[in-house]
Amino acid sequence: MIRGALWRTVRLGVGSLMLHKLRSMLTTLGVLFGVSSVIAMLAIGEGASKQAQDQIRALGSQNVIMRSIKPREDFATGSQATRVVSYGLLNEDLARVEKTFPGVKRVVPVREIPLEVRHQDRALNPRVMSTLPIYRDVTGRVVSEGRFLTAADEAAVANVCVMSDEVARYLFPFQSPIGEKVKIGADYYVVVGTTLSRKRLGSDPALAGEVSASEVFIPLETGRKWYGDMQVKIRSGSREMEEVQLHEIVMEVDAPENVPMVAAAAREMLARNHRQRDYELVVPLELLLQAEETKRTFNIVLGSIAGISLLVGGIGIMNVMLATVTERTREIGIRRALGAKRRHIVTQFLVETVVLSVSGGILGVALGLLIPMYVEYKYMMPTIVTPFSPVIAFGISVGVGIVFGLYPAWRAANMDPVEALRHE
Amino acid sequence: MTTTAAAAPVAALEHISRVYRMGQTEVRALDDFSFTFRQGEYWAVMGSSGSGKSTLLNILGCLDRPNEGSYKVRGEDTQDLDDDALSELRSRHLGFVFQNYNLLPQLNVLENILVPIFYQDVPPEGIEERAVELARRVGLGTRLHHRPTELSGGQQQRVAIARALINDPALILADEATGNLDSTTAQEILALLDELHGEGKTIVLVTHEASVGNRAQHLLRLKDGRIEEVKHNREGKL
Ligand SMILES: Nc1ncnc2c1ncn2[C@@H]1O[C@H](COP(=O)(O)OP(=O)(O)OP(=O)(O)O)[C@@H](O)[C@H]1O
Ligand SMILES: [Mg+2]
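Taken in order, these protein sequences are the chains called Y and G.
Residue numbers 1 to 424, in this note's numbering, belong to the letters of the first sequence in order.
Residue numbers 1001 to 1238, in this note's numbering, belong to the letters of the second sequence in order.
The hints are simulated quantities; they were obtained by calculation from the structure and are not laboratory data.
Be a bit skeptical, because a hint or two may be false.
A few chain G residues that face chain Y, going by a derived Cβ cut-off under 8 Å, partial list only [claimed, not checked]:
{"no.": "1", "residue": "1021"}
{"no.": "2", "residue": "1023"}
{"no.": "3", "residue": "1063"}
{"no.": "4", "residue": "1104"}
{"no.": "5", "residue": "1108"}
Derived list of chain Y stretches under chain G, where covered just means 3 residues or more per stretch with a C-beta under 8 Å from a C-beta of chain G [unchecked claim]:
{"no.": "6", "stretch": "5 to 17"}
{"no.": "7", "stretch": "250 to 261"}
In silico negatives: residues of chain G with every beta carbon more than 10 Å from chain Y [as the list claims (entries may be wrong)]:
{"no.": "8", "residue": "1036"}
{"no.": "9", "residue": "1039"}
{"no.": "10", "residue": "1081"}
{"no.": "11", "residue": "1151"}
{"no.": "12", "residue": "1211"}
{"no.": "13", "residue": "1227"}
The C-beta atom is built at its ideal place from N, Cα and C for all residues, glycine as well.
Construct all of the structure, not just a fragment, from the sequences and the given hints.
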């Protein structure tokens, strides 16, 4: 019977709200937007942070990566037709890391060769990396077909290559690439394996607008033999020679707690050995911590925005309910005369307020779930709706209704019945 | 059958005063007022404007409390009752009919009739059937699901009377129940009240019109918060 009474009160409340449809609708907007923005922003924030963390983890959270970058050209003159620019990581750096760095388990150097990869009439400009077999292990690449580079390839200075799936799919749309030959620059290479494609990472060298990383691996010695340290780039008519000994050195640290130590040592060594800043140090673990910090900040900002919008929504509801109570003074008088106790009046108006805020909350949850879907579809941004966020948002909207409904309901219940009946 | 001492007192007022203070001035809306309404009596209350008729009805209806004196409903002193208990008393033993009907616009006829029952913790068995029966009785059996705005004034007042009867009250209080109605409709409403009186209901009806006042069984005339005249038009039931 108690449940029946509450249900009847809810139905009555809905009925009263339906007498002023537009007003009721407008009143719910505050909570609607508050709730939907909480859910949407949580989902987008969660997605972005998950993505960042995945990317960082894909770099290997126990790795420390040194990378060559071309310094700004201070002395460049357009008149020189041909000149040589030397920069970047040195073989010497590699040797030093191998010999003197404590805590480093494995080190793997990478050289990049800026050449086109071709099969028949299909050509691509992937990131061609000449590296050691352990590269796969250290960076967590996964072989999808065939095998990765081996020590035997290295010893034989073999003309073999491994390509990531999307390169394989493009160059060999109708067949398996294994055992086939591709042309890299002027030389032919036998494809011995493919790796699972992975999303291109923010810290990967940019390759024109691609979503996933196109990669081709060849043995380190093979690359050195055929292409040397000198690379020719033809740019706007002038020929420019670049001399880069190593493009990347990936160090695998033996334990996560040693990562900061290795990073510091690498930083110090590079600063000592390089006169110009022609390198960068990428420490995924530091990035991870940063990303977590950023996420924390984001959550605080988000929480404040949500709190403010719900506060504003709640005040809006309270305002309307106060007006409603005044407007319905006579109704309150009638109900009191017919036997309504104070708590009946409190319940009636509280239920109405909660119905308002909950309908705002429900619509808000719906909208809050739609926005992430749209963002994902339109902007290719990953979003994650944690199942508890709609539940919490819903609970919050009920709470808003109760908190901001109490005062108007209390006012209604404490009206003098005689005065209320006399009210026009 | 006489009404002198035979019937039980339904509403007994003893030395009631209701005083309104407006700054320095003091209005005694009821002044040392003592009177007893008994079971089955039909009283019309008359008097000039401001004589205290509505004040009397509010106190009888437990909507207002006197400043002095005691008021007993069916022998129970209301002085000791808190707000909840007074509400309970209203919902169980009192029926109100107002000048402007005072139906709830968001409810239909049937729901309006049932409002006093909403506020009883344990609604009586078969109360919905009783509401339908009452609606039929006041001639609105075919309009159960109409909203008040879809009814004429007379029909609305009939709904209000049905609502006042739903809890089988000990006392029906009507303040200018016919004040807003044309004479024909007013006659119909009064006929309905006569009928209720005939069934033994206790009724107190405030009115301005002598014809209405003379139609009731007894007439109580007020002046400045005191009794000016008590007149018995008829003895006993109709
Ligand atoms: N809330 C109030 N505050 C101050 N004075 C009041 C209040 N209510 C009633 N009074 C005064 O009490 C007196 C009696 O009022 P009451 O409403 O009982 O008169 P009435 O007989 O019903 O008059 P009417 O026929 O005009 O309805 C009047 O003088 C009125 O001014
Ligand atoms: Mg009056």
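A quick look at each hint next to the structure:
Restraint check, residue 1021 (chain G) versus chain Y: the minimum CB separation of about 15 Å is more than 8 Å; hint violated. With a cut of 8 Å, the hint placing residue 1023 (chain G) at the interface with chain Y is violated, because the nearest CB-to-CB distance is about 18 Å. A least Cβ separation of about 5 Å between residue 1063 (chain G) and chain Y falls short of the 8 Å threshold, and the interface hint therefore holds. Checking residue 1104 (chain G) against chain Y by beta carbon gives a least distance of about 6 Å; that is within 8 Å, so the hint holds.
The restraint placing residue 1108 (chain G) at the interface with chain Y is violated, with a minimum CB-CB distance near 10 Å, outside the 8 Å limit. With a threshold of 8 Å between beta carbons, the proposed coverage of the stretch 5 to 17 of chain Y by chain G holds, since 5 of its residues qualify and at least three are required. Counting residues of the stretch 250 to 261 of chain Y whose CB falls under 8 Å from any CB of chain G gives 0; the rule of at least 3 is not met. A cut-off of 10 Å between C-beta atoms confirms that residue 1036 (chain G) is not in contact with chain Y; the least separation is 23 Å.
Residue 1039 (chain G), annotated as away from the interface, keeps every beta carbon of chain Y farther than 10 Å; the closest lies near 21 Å. Residue-level check passed: residue 1081 (chain G) sits 12 Å from the nearest beta carbon of chain Y, beyond 10 Å. Every Cβ of chain Y is farther than 10 Å from the Cβ of residue 1151 (chain G); the closest lies at roughly 16 Å, confirming the non-interface assignment. Annotated as non-interface, residue 1211 (chain G) keeps its C-beta farther than 10 Å from every C-beta of chain Y; the closest such distance is 27 Å.
Its beta-carbon lying about 22 Å from the closest one in chain Y, residue 1227 (chain G) satisfies the requirement of being farther than 10 Å from that chain.
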